[in-house]
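What follows is each chain in one-letter form.
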Amino acid sequence: MSGTLRTQVGQLARRSVLRTMRQPAQIVPALVFPLFLLAVNSGGLKDATSLPGFPTDSYLTFALAVPFMQGALFSVMNAGTDLARDIETGFLNRLALTPLRGAALLSGLLAGAVVLGLVQAATYLIVGLTAGAELAAGVPGALVIVALSISITVAFGSIGLFAALRTGSGEAVQGLFPLFFVILFLSSMALPLDLLQTDWFHAVASANPVSYLLAAFRSLLIEGWDPGALALGFGIAAAVLAIGMFAASAALKTRLVRT
Amino acid sequence: MSKDGNEAKGIEAEGLVREFKNGPRAVDGIDLRVAPGEIYGFLGPNGAGKSTTVLMLTTLLPPTAGTARVAGFDIAAEGGRVRGAIGAALQEAALDPLLSGREHMRLQTALHGLAKAERAERSDELLARVGLSEAADREVGGYSGGMKRRLDLALALVHRPRILFLDEPTTGLDIQSRTALWDEVARLASAEGVTVFLTTQYLEEADALADRVGIIDHGRIVAEGTPAELKAEIGRPTVEAVPRDPADQERVARALQPFGEEAGATRRGGASVLLGGGESQLADVVRALDAEGIAIEQLQLHAPSLDDVFLAKTGRSLEGAGEEEAEAGSEEMEAVRA
Chain A
1 MSGTLRTQVG QLARRSVLRT MRQPAQIVPA LVFPLFLLAV NSGGLKDATS LPGFPTDSYL
61 TFALAVPFMQ GALFSVMNAG TDLARDIETG FLNRLALTPL RGAALLSGLL AGAVVLGLVQ
121 AATYLIVGLT AGAELAAGVP GALVIVALSI SITVAFGSIG LFAALRTGSG EAVQGLFPLF
181 FVILFLSSMA LPLDLLQTDW FHAVASANPV SYLLAAFRSL LIEGWDPGAL ALGFGIAAAV
241 LAIGMFAASA ALKTRLVRT
Chain B
1 MSKDGNEAKG IEAEGLVREF KNGPRAVDGI DLRVAPGEIY GFLGPNGAGK STTVLMLTTL
61 LPPTAGTARV AGFDIAAEGG RVRGAIGAAL QEAALDPLLS GREHMRLQTA LHGLAKAERA
121 ERSDELLARV GLSEAADREV GGYSGGMKRR LDLALALVHR PRILFLDEPT TGLDIQSRTA
181 LWDEVARLAS AEGVTVFLTT QYLEEADALA DRVGIIDHGR IVAEGTPAEL KAEIGRPTVE
241 AVPRDPADQE RVARALQPFG EEAGATRRGG ASVLLGGGES QLADVVRALD AEGIAIEQLQ
301 LHAPSLDDVF LAKTGRSLEG AGEEEAEAGS EEMEAVRA
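Protein sequences, first through last, are from chains A and B. Under the working numbering, the first sequence has 179 at position 179, and the numbering climbs by one with no breaks. Under the working numbering, the second sequence has 191 at position 191, and the numbering climbs by one with no breaks.
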């Protein structure tokens with residue numbers, strides 16, 4: 001990375017982090033809502049552990065993977081809404097008048113998502129473990145969970161950037177939230193894939209990448225170390241990030257019509 | 001002289017056109033020559049094409065047709081070099097309400113590639129120059145409109161541009177903030193030789209600040225020259241009579257008709273006329289109104305103004321045109337953002 005690009009990314013990352021830290025309204029729901037759902041689900045669905053083949057006797061441990069995904073969904077909204085606001089207010093035009101590179105803009109904006117992802121992952125993990133969840137992979141596993149959570153947050157954040165650049169509207173970005181939540185529910189969120197009895201649901205959940213992201217978290221929480229599950233989880237995050245950044249870069253070229 | 005030899009180049013445009021899909025021809029063949037160090041006032045109502053012209057000249061919007069060179073660089077083929085030579089404060093002060101003034105300066109100086117050691121010094125210098133040193137560490141969300149505009153100007157100057165574009169920089173500001181901004185713009189041109197391209201819908205702003213004025217209406221330049229030249233073109237004073245009873249407005253207009261070219265109804269419920277015979281006709285005007293038995297509330301003689309120039313060139317008053325075209329202007333900006 002050249003010095004200029006590094007400076008640009010660094011400065012935009014700093015702005016993105018400052019913006020994130022100065023908006024408690026962005027951080028608090030992303031922390032509280034997934035933990036609230038964790039409490040409700042782990043209480044209401046604990047009898048599922050008695051199903052033959054359920055991988056653990058602690059539903060809390062099984063369900064603890066879900067907040068990491070829900071937190072990542074908030075990053076779609078936050079990253080996208082911030083960029084949409086820059087478009088709406090003309091701040092993007094201000095940036096366009098500088099020698100700013102598109103790659104620096106996108107990378108810098110995602111830095112805010114990294115910070116949010118870090119805070120979220122640490123909070124979910126601490127609250128979950130305090131409440132009695134198990135972590136089979138130990139302390140190194142906790143670090144991998146945080147790394148995976150940040151990777152997924154950034155990957156989903158890139159989709160938020162694409163949506164913002166394509167629509168230029170914060171409302172349109174926020175409109176994606178219910179859609180992503182449906183995708184989350186159509187996964188192995190509540191039960192392991194092999195215990196899903198309804199054929200169509202099993203088929204949809206098996207094709208849903210979110211199921212494999214959840215499986216990567218669960219491998220660390222329940223089993224210990226499963227390189228295959230982790231590789232699939234990180235691989236899917238990398239693929240989503242690559243697609244998101246490619247789409248966002250193309251949309252940025254259209255949005256920034258500077259000559 | 002710079003390596004590119006373009007240090008002393010201003011702005012030149014020929015036949016600049018911008019059309020929007022399913023929309024109006026926002027800019028309809030503009031020719032411009034702005035000399036280095038000159039303050040050029042681009043005067044017109046909302047929706048006339050001022051902001052679209054600025055967006056094209058600052059490379060943020062490709063022209064549909066025509067050519068322009070800014071600081072000697074082609075706006076279509078050398079966008080990066082144009083942006084390196086210009087500073088711009090666009091129509092709305094696009095600031096991040098969650099960042100402080102100093103954080104804005106830090107970001108802007110870094111993105112413009114100033115050396116790390118120079119960034120803080122340049123930021124402090126400019127914040128002091130626009131009177132924001134004390135407020136520099138406060139979040140911009142708490143700034144007044146005037147403070148935001150001043151910060152906007154400081155941000156446009158971080159890389160010492162040779163040409164500065166200011167798109168309606170004083171719209172919505174109180175008179176004190178407006179005067180302070182005028183002083184700084186005038187100082188930039190006179191002391192630092194910065195070329196200033198300033199759009200405005202305020203007559204007094206163009207009159208007070210601009211070396212030359214271009215009047216734009218419906219995307220075309222309808223008049224151009226120094227304020228004095230433009231007013232001399234009109235050359236005749238206007239007399240405005242406001243009746244005590246607003247119902248007498250038409251009678252006033254009829255009484256004034258013989259004295260010259262009708263200038264139309266006024267905002268205060270009166271009528272006005274361009275005196276064909278000059279100020280000496282004022283006594284005759286008073287006698288004519290008296291003969292009609294019209295009770296007059298106010299009678300005023302106006303020296304020629306830029307509004308008279310606009311009226312003479314377009315058949316409409318600038319202020320009235322602004323209200324009439326505000327909706328068109330807003331549609332135009334929406335099209336730019338889309």
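By construction, these hints were calculated from the structure, which means they are not laboratory data. Glycine included, C-beta positions come from ideal geometry on N, C-alpha and C. Don't take every hint at face value.
Here are a few chain B residues that face chain A, going by a calculated C-beta distance under 7 Å [stated by the list, open to error]:
| hint | residue |
| --- | --- |
| 1 | Ala88 |
| 2 | Leu90 |
| 3 | Ala94 |
Stretches of chain A that chain B covers, calculated by requiring three or more beta carbons in the stretch to come under 8 Å of a beta carbon on chain B [as the list claims (entries may be wrong)]:
| hint | stretch |
| --- | --- |
| 4 | 16–29 |
| 5 | 95–105 |
So the derived label-pair ranges between C-beta atoms look like this [claimed, not checked]:
| hint | chain 1 | residue 1 | chain 2 | residue 2 | range |
| --- | --- | --- | --- | --- | --- |
| 6 | A | Ala172 | B | Gly276 | 57 to 65 Å |
| 7 | A | Leu179 | B | Val17 | 35 to 43 Å |
| 8 | B | Glu118 | A | Val204 | 56 to 64 Å |
| 9 | B | Asp174 | A | Gln174 | 53 to 61 Å |
| 10 | B | Glu134 | A | Ala103 | 36 to 44 Å |
| 11 | A | Ala122 | B | Ala120 | 31 to 39 Å |
| 12 | A | Leu193 | B | Asp74 | 55 to 63 Å |
| 13 | B | Ala120 | A | Ala172 | 33 to 41 Å |
| 14 | A | Leu143 | B | Glu134 | 43 to 51 Å |
| 15 | A | Pro140 | B | Glu118 | 26 to 34 Å |
| 16 | A | Ala172 | B | Arg138 | 29 to 37 Å |
| 17 | B | Thr226 | A | Pro99 | 30 to 38 Å |
| 18 | B | Arg160 | A | Ala122 | 41 to 49 Å |
Verification of the supplied hints:
1. Ala88: Interface hint status for Ala88/B: holds (6 Å vs cutoff 7 Å).
2. Leu90: The hint holds - Leu90/B has a Cβ within 7 Å of chain A, the shortest such distance being about 6 Å.
3. Ala94: 3 Å, holds
4. 16–29: holds (count 4)
5. 95–105: That given contact holds, which follows from 6 residues of the stretch 95–105 of chain A lying within Cβ reach (below 8 Å) of chain B.
6. Ala172/A / Gly276/B: 57 to 65 Å: Given a distance of about 59 Å, which is inside 57 to 65 Å, the answer is holds.
7. Leu179/A / Val17/B: 35 to 43 Å: 41 Å, holds
8. Glu118/B / Val204/A: 56 to 64 Å: Since Glu118/B and Val204/A have Cβ atoms about 57 Å apart, the given range 56 to 64 Å holds.
9. Asp174/B / Gln174/A: 53 to 61 Å: 36 Å, violated
10. Glu134/B / Ala103/A: 36 to 44 Å: 37 Å, holds
11. Ala122/A / Ala120/B: 31 to 39 Å: Once the Cβ atoms are compared, 33 Å apart, the range 31 to 39 Å for Ala120/B and Ala122/A holds.
12. Leu193/A / Asp74/B: 55 to 63 Å: This hint holds: roughly 60 Å between Cβ atoms.
13. Ala120/B / Ala172/A: 33 to 41 Å: 39 Å, holds
14. Leu143/A / Glu134/B: 43 to 51 Å: Cβ of Leu143/A to Cβ of Glu134/B: about 45 Å, so the range 43 to 51 Å holds.
15. Pro140/A / Glu118/B: 26 to 34 Å: 45 Å, violated
16. Ala172/A / Arg138/B: 29 to 37 Å: 32 Å, holds
17. Thr226/B / Pro99/A: 30 to 38 Å: 36 Å, holds
18. Arg160/B / Ala122/A: 41 to 49 Å: 45 Å, holds
Consistency note: the structure conflicts with the earlier hints numbered 9 and 15.
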